[in-house]
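A.B. asks: These are the residues of each chain, in order.
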Amino acid sequence: MECDGAGAVPCGLVTASVIEARDLRKQFGDFVAVDGIEFDVAPGESFGFLGPNGAGKTSTMRMIGCVSPVTSGTLRIFGLDPDRDGSLIRGRMGVVPQADQLDAELTVIENLVIYGRYFDIPRAECRRRAAELLEFVQLIERADQRVEPLSGGMKRRLTIARSLMNEPDLLLLDEPTTGLDPQARHILWDRLYRLKQRGVTLVLTTHYMDEAEQLCDRLVVMDRGSIVADGAPRSLIEQYSTREVLELRFAPAAHDVVDHSDAATVGSTPVQLVDPRLDGLGDRIEPLPDRILIYAHDGEAALAEVHRRGLDPVGSLVRRSSLEDVFLRLTGRTLID
Amino acid sequence: MSTPAPLLVWEGHLAVYRKIWKSHVLGAFVQPLLYLVGMGVGVGSLVDANTGADAALGGVTYFEFLAPALLATTAMTSGGQTSLWEVLDGFLWSNRYRAMSATPVSPRQIASGLALWHATRTAVVVIGVALVLALFDETRSWGLVPAVVVAVLVGLAFAMPISAWASTRNGGASFPTIIRFVLIPMFLFGGAFFPIDQLPDWIQPVAYVTPLWHGIELCRGFVIDGIDPGPIGVHLAVIGVYVAAGTLACAGTFTRRLRS
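Chains as they are written, first to last, in my numbering: chain F, 204 to 540; chain C, 4 to 263.
For the record, the hints were derived by calculation from the structure and aren't laboratory data.
Please note that the accuracy of each hint is not assured.
[What the hints assert, rightly or not] Below, a list of computed lysine to any residue pairs in the SDA-like style, where the Cα atoms sit at most 25 Å apart:
1) K358/F <-> F178/C
2) K25/C <-> I324/F
3) K25/C <-> L119/C
4) K25/C <-> Q348/F
5) K358/F <-> L119/C
6) K22/C <-> L398/F
7) K25/C <-> E335/F
8) K22/C <-> E308/F
9) K22/C <-> E313/F
10) K25/C <-> D306/F
11) K358/F <-> A18/C
12) K25/C <-> D347/F
13) K399/F <-> L91/C
14) K22/C <-> F231/F
15) K22/C <-> I324/F
16) K25/C <-> L514/F
17) K358/F <-> T310/F
18) K358/F <-> I230/C
19) K22/C <-> Q348/F
20) K399/F <-> P164/C
21) K25/C <-> L398/F
22) K22/C <-> T310/F
23) K358/F <-> I199/C
24) K25/C <-> R332/F
25) K25/C <-> R279/F
26) K22/C <-> A334/F
27) K358/F <-> K25/C
28) K25/C <-> A346/F
29) K25/C <-> A334/F
30) K25/C <-> F322/F
31) K358/F <-> L398/F
32) K22/C <-> F322/F
33) K25/C <-> I343/F
34) K22/C <-> R332/F
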């Protein structure tokens, strides 16, 4: 649908989405990686794809990044077709890939300048932007050092700086903090949050709940190539889980935990048998290989009831529901096996 | 004014080369010098002492016969071997090509930028050889200039098909095989060290379809007075076919690898 300027098609609505996907599919031979998904990303929004490995997140990101042809369906980025205008779209987009693709032979600042040149940004302007971005990602004192000795977190920040060289309107981040230590992750989240405040549209994939909750205004939960739920992190939790979760661990001997003949599994791992005395506790009981989750509005009250019924777990924890619980509820599987 | 994307790709390669150029340039001088002294002077003194040898060599000394051929063989080994590792590096280790492909630069433009780059780096090496040849009376000739151009084309005739092949690999395990069974046999039997009519009849046609032999004929003909380069157009056409086919193949294999 074209914006005709005559009012037949409301122009504001047509151009509202930075990304628009309809019945989007990606197939590699017989394997369907992305199976007819639909989503819209609004300007300035930060949007997440959440799901386990193999859910189709990276395939989706590669299609958005215009480096993987769409098998079928419609995908529009900035209202443009990746098939026809891939180069134009890539020029307005920044990409932070899953694995850092930094040039180990070059210095920190050279990595930025050379990358900026691929966008045909004049050399002097590249140097100006590079210095500014190194300031932003707190690597300016490393500017003339080689990339190799940098820590994982620093390399990630450098990769983010590099993705910003063309001053993109849209930034794609594929698992931005996978493999980083907690402190490095928090520094990174802080930088991404600042970008968001500047109005950059962020699209990221993650299998970390806390990351999605920290960064995403809205997200879709993906499983086996399909979207199984979408919404704001909080509303997804409200919709699919209880306010609190009680986690119980039982000693193996006291409980006769794992019954390998039982068909109940999470993924391929047999789960714990649920003691019949737990029946009726909370809204829902979810046995996992190493613990039992009891979904309840009031976790402490549920724990008191467990003790009253004569059960003696070796460990117990009351926590708020997270997206992990949403995912478990929707797919019957945990996010990280 | 926008810069053509292949030039930007070339610039990226140059930035990395600037870190290693000293050892590369040094190697470009040393290796041909070793061959010239060891083979041209050393073996040459034996060959030239053998009556009838100069007839087989086309009426010139062994040094004159061998020296200009080194332009083409050096281009082949440089173009062939460095492209193997460089391309694998771009896809597997430094991931340079993947990084480029996230920018407006297309895989085709990456491939044509690579061709420009191979030409540049081969030129550096070949000019090194030409400067060494210019030190000797026998090979000091303006013919070195067109010979350098031919040698660069020979370099591309190997670099581009090998780049295309390397871009389909996920490791370098098979590379020694290419070097042993393609590059070294051509180096030894491509007409650089002895005329190919000294070979058994049945194997001579193999030389006619390899770009190296055509390059050697041209280099020798341009540099040494009294040697006929043969049909220049045919020689260039054969080399050109390898360059063109290799570059097209690269455009295809790069696209397949980067746009799955």
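A.B. asks: Now look at each hint and say whether the structure bears it out.
C.D. replies: We went through each hint and held it up to the structure:
no.	hint	result
1	K358/F <-> F178/C	violated, 31 Å
2	K25/C <-> I324/F	violated, 29 Å
3	K25/C <-> L119/C	holds, 20 Å
4	K25/C <-> Q348/F	holds, 20 Å
5	K358/F <-> L119/C	violated, 30 Å
6	K22/C <-> L398/F	violated, 34 Å
7	K25/C <-> E335/F	violated, 32 Å
8	K22/C <-> E308/F	holds, 7 Å
9	K22/C <-> E313/F	holds, 12 Å
10	K25/C <-> D306/F	holds, 19 Å
11	K358/F <-> A18/C	holds, 20 Å
12	K25/C <-> D347/F	holds, 20 Å
13	K399/F <-> L91/C	violated, 37 Å
14	K22/C <-> F231/F	violated, 40 Å
15	K22/C <-> I324/F	holds, 23 Å
16	K25/C <-> L514/F	violated, 75 Å
17	K358/F <-> T310/F	holds, 12 Å
18	K358/F <-> I230/C	violated, 58 Å
19	K22/C <-> Q348/F	holds, 13 Å
20	K399/F <-> P164/C	violated, 46 Å
21	K25/C <-> L398/F	violated, 42 Å
22	K22/C <-> T310/F	holds, 10 Å
23	K358/F <-> I199/C	violated, 55 Å
24	K25/C <-> R332/F	violated, 30 Å
25	K25/C <-> R279/F	violated, 48 Å
26	K22/C <-> A334/F	holds, 21 Å
27	K358/F <-> K25/C	violated, 28 Å
28	K25/C <-> A346/F	holds, 24 Å
29	K25/C <-> A334/F	violated, 29 Å
30	K25/C <-> F322/F	violated, 29 Å
31	K358/F <-> L398/F	holds, 18 Å
32	K22/C <-> F322/F	holds, 23 Å
33	K25/C <-> I343/F	violated, 29 Å
34	K22/C <-> R332/F	holds, 23 Å
In terms of the numbered hints stated before, the structure departs from hints 1, 2, 5, 6, 7, 13, 14, 16, 18, 20, 21, 23, 24, 25, 27, 29, 30, 33, listed from lowest to highest.
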